[in-house]
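There are 2 protein chains.
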Amino acid sequence: MSRTSAANTPRQLHLNVNILHSGFVPSAWRLDDADPRAFVDVAHYVRVAQLAERAKFDAVFLADNAAIVDQIDFRPITALEPTILLASIAAATTHIGVIGTASTSYNEPYNIARRFATLDHVSGGRAGWNVVTTADLPSARNFGHDTVPDHAQRYARAAEFTEVVKALWDSWDDDAFVGDKQGGRFIDVTKVRPVAHEGRFFKVQGPLNLPRSPQGHPVLVQAGASGDGRDLAARHAEAVFSASQSFEESVAYRRDLHVRAAGYGRAHGVQVLAGLTTIIGATEAEALKRRDELVDLIPWRYSLARLAGTLGITPDQLDLDARLPENLALPNGGNGNHTFFHATLAQARRGGYTVRELIRALAGGGGHRVIVGTPEQIADDIEHWFKGEAVDGFNLMPDALPDGLAAFVDDVVPILQRRGLFRTEYAGRTLRSHLGLEPPTRVDVTV
Amino acid sequence: MSRTSAANTPRQLHLNVNILHSGFVPSAWRLDDADPRAFVDVAHYVRVAQLAERAKFDAVFLADNAAIVDQIDFRPITALEPTILLASIAAATTHIGVIGTASTSYNEPYNIARRFATLDHVSGGRAGWNVVTTADLPSARNFGHDTVPDHAQRYARAAEFTEVVKALWDSWDDDAFVGDKQGGRFIDVTKVRPVAHEGRFFKVQGPLNLPRSPQGHPVLVQAGASGDGRDLAARHAEAVFSASQSFEESVAYRRDLHVRAAGYGRAHGVQVLAGLTTIIGATEAEALKRRDELVDLIPWRYSLARLAGTLGITPDQLDLDARLPENLALPNGGNGNHTFFHATLAQARRGGYTVRELIRALAGGGGHRVIVGTPEQIADDIEHWFKGEAVDGFNLMPDALPDGLAAFVDDVVPILQRRGLFRTEYAGRTLRSHLGLEPPTRVDVTV
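For the record, the sequence lines run as chains A and B.
Read in our numbering, the first sequence has 86 at position 81, and its numbers run on one by one without any break.
Read in our numbering, the second sequence has 438 at position 433, and its numbers run on one by one without any break.
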């Protein structure tokens, strides 16, 4: 990795949209213009992706779960499997990146290496893999477990899993394909090698049964906030989906990640994209009105249950008109999702909120930052965070889809472009190019 | 399942094309018009699928492996992961079915249930799953094993795997989705149930985190020739990819499958589609010339190694100008692939072939039937097999793609249509409709 080239290139803002079915706010499907069936409608996802591509976004992102982990009586969930849905999106777009979540807890590295390399092939070099571990009990019970593996073990498995996947991606040289019709030579087999991995969790011989993909490695994304999560990100991630509620926290998080990455010899390789929900109005009052209407469409029992779940307590421990209980501890005895636990506590503390006010400030959400305002206000906020080096960009989670994204694309993006913060054309065709990433470092394989 | 409706409908021929990268003959990539890179080019697969859809084929099929199991120095292999590639194909077509292989040996039922249900959603009800077990050592070694699990255990796992997948597909009622904006009711949770499966191989709580797909169940396809394989097909398969070399064998195979299926209360539920490679010429002499040119482009060392692999021996046990050795036994001590072992032996015996003649008759192939002739001759053969109840249709494996399929579509399909054997328009939009299958029988779940 060349530090000189990274230092000479002006920093560029990166924008990614999380196509969270009907939108980030749990009641988004109840809006007049919304199609409640959008969460299982491929045309909906394609429409959102095309909108993002029109605005020259870096990528679309699809989160995932391996169980029903929310209250489906009231709201849509992550349902369609991301890599397949991203292939549908790739077929209907030409430039925008396609990033999907896959869990290292309940998959095999060979299958995951193959699926993301395939997605990279069919999209012409636009694939990214969001590496997650899975912390919830319903998922564990869909894969033969009665309990959730502990946090340290999940991350140890994730680290080894990621290394095996990278080694498999490196098992073919870029120029292994020959295709010489006259000589009858198809592949140069001296350029295809086993990985012969034997570790604590996996034993994988390789090589992959698929030539190296256009990007070499699909872009690796991570989202961990815990020590183990940050360490995994520092070692492997090229982009991080973070969940900071305040500018200062985000600056500190990004700095910490850079220090950790430098420890692995990776000085300029991690783009921090903070989760950001936008609720946009022509005036601030209009935006607040939209926020309140959306929140009022969420039953309080739902919001209480969701908040209690994030905090690892039961809903009856929450009083709408009181502050959060004292002495909250990480869910599952420190074994749960760190990111949203900490982000939610921080938000409550900073605002001095009652539970009711907190739920309103979170727009019924699960811990990501919500900004409510005019396009100018939102552009100002983005510029402040970006120029202040709190982030390299944002993982946008519009309140409702597609219209929350349409408002951002039509009204916020042109301001960012006028201010020279965001591209007006794609400079390349790959996700790696959009994110300004260097080619992947080849893993040294010793057989 | 209604026997009356099945009895009253005239039998309809079914045509499926196996998009085996550059084509069935290992040297197909060396033809003048071929693009050697086609095996990793999504545009190639889309082009072939669109050609098949123009001819009103029932489906396209993508086989799969979980390791390099052929000689890549000489020929292309199955590389891109099928479900992702089929999503790309579905996005570029409107009616044709999309069937892909996934192994029960190295996957989890929850993930496979979800992937094929997702493919069914994004294709609007066109998905099919070809259920296979994986018998080769290189694949085993990519998933932590030093040996191939024995045949009986592979099939026991496959049977339980398939049952869990079906139960997961049935874990949502068709009408579980409500989407009532006014009432704020999204899903009727009384219509979504756990599967609570605990078996020999799997423990899966469910429900699936995905509403029931358009077909209810994606179409289940199987290809086993062994007793265990036929039994699995009889219990679950709605279409079978068979590999009979002779009319009589195929009649007997189909009858046996019907008897076994009847034993499971399934009288009319299995369509037998025989593998068929076509080499087409304007005259028989031209077709034979094309066959010989293709075979002559395959190095003998490659064909010998491939034949030896099918027979579970080493190449030095084969003499090009002698017959096959006596007393051949199933590869891996009865633990290998039954289908191609038996089909190859039968072909050698029937023709009284030397090894060289056998390889020519198989067009360098691995055991599927090859017919070489004019469009009329090929249509006659298809009509004979279909009317004689040897098959319900064919899984076509054209010698080379796309041109071998283009010849079939342009010159053979119109003959079949004139003879009233094959549809001239799609009657429905789902794969289940094309194949004339009844809606799936719901699995009884006892919690």
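FYI, nobody ran anything at the bench for these hints, they're computed from the structure.
Don't be surprised by glycine CBs; every beta carbon is placed ideally from N, CA and C.
Take these hints with a grain of salt, some might be off.
Derived BS3-like pairs: lysine-lysine, alpha-carbon spacing no greater than 27 Å straight-line [unchecked claim]: (1) B/LYS186 x B/LYS196; (2) B/LYS196 x B/LYS208; (3) A/LYS196 x A/LYS186; (4) B/LYS61 x B/LYS392; (5) A/LYS61 x A/LYS392; (6) B/LYS186 x A/LYS294; (7) B/LYS294 x A/LYS186; (8) A/LYS196 x A/LYS208; (9) B/LYS61 x A/LYS208.
Here chain B is said to cover these stretches of chain A; the calculated rule only asks that three of the stretch's residues, wherever they fall, bring their Cβ under 8 Å from a Cβ of chain B [unchecked claim]: (10) 140-147; (11) 400-410.
Calculated from the model, a selection of chain A residues having no Cβ within reach of chain B, i.e. all distances over 12 Å [to be verified]: (12) ASP37; (13) ARG42; (14) VAL45; (15) ILE89; (16) THR123.
Cross-check of the supplied hints:
1. B/LYS186 x B/LYS196: Holds, because 19 Å separates the two Cα atoms, which is no more than 27 Å.
2. B/LYS196 x B/LYS208: 22 Å, holds
3. A/LYS196 x A/LYS186: 19 Å, holds
4. B/LYS61 x B/LYS392: Holds, at roughly 20 Å.
5. A/LYS61 x A/LYS392: Distance ~20 Å between A/LYS61 and A/LYS392 Cα, so the pair holds.
6. B/LYS186 x A/LYS294: 19 Å, holds
7. B/LYS294 x A/LYS186: It holds: about 19 Å lies between the C-alpha atoms, which stays within 27 Å.
8. A/LYS196 x A/LYS208: Roughly 22 Å separates the two Cα atoms, so the pair holds.
9. B/LYS61 x A/LYS208: With Cα atoms ~45 Å apart, B/LYS61 and A/LYS208 exceed 27 Å; violated.
10. 140-147: holds (count 3)
11. 400-410: violated (count 0)
12. ASP37: Its Cβ does come within 12 Å of chain B, the nearest being 8 Å, so this is violated.
13. ARG42: 6 Å, violated
14. VAL45: With a cut-off of 12 Å, A/VAL45 comes too close to chain B, as the shortest Cβ separation is near 5 Å.
15. ILE89: 5 Å, violated
16. THR123: 4 Å, violated
In terms of the numbered hints stated before, the structure departs from hints 9, 11, 12, 13, 14, 15, 16, listed from lowest to highest.
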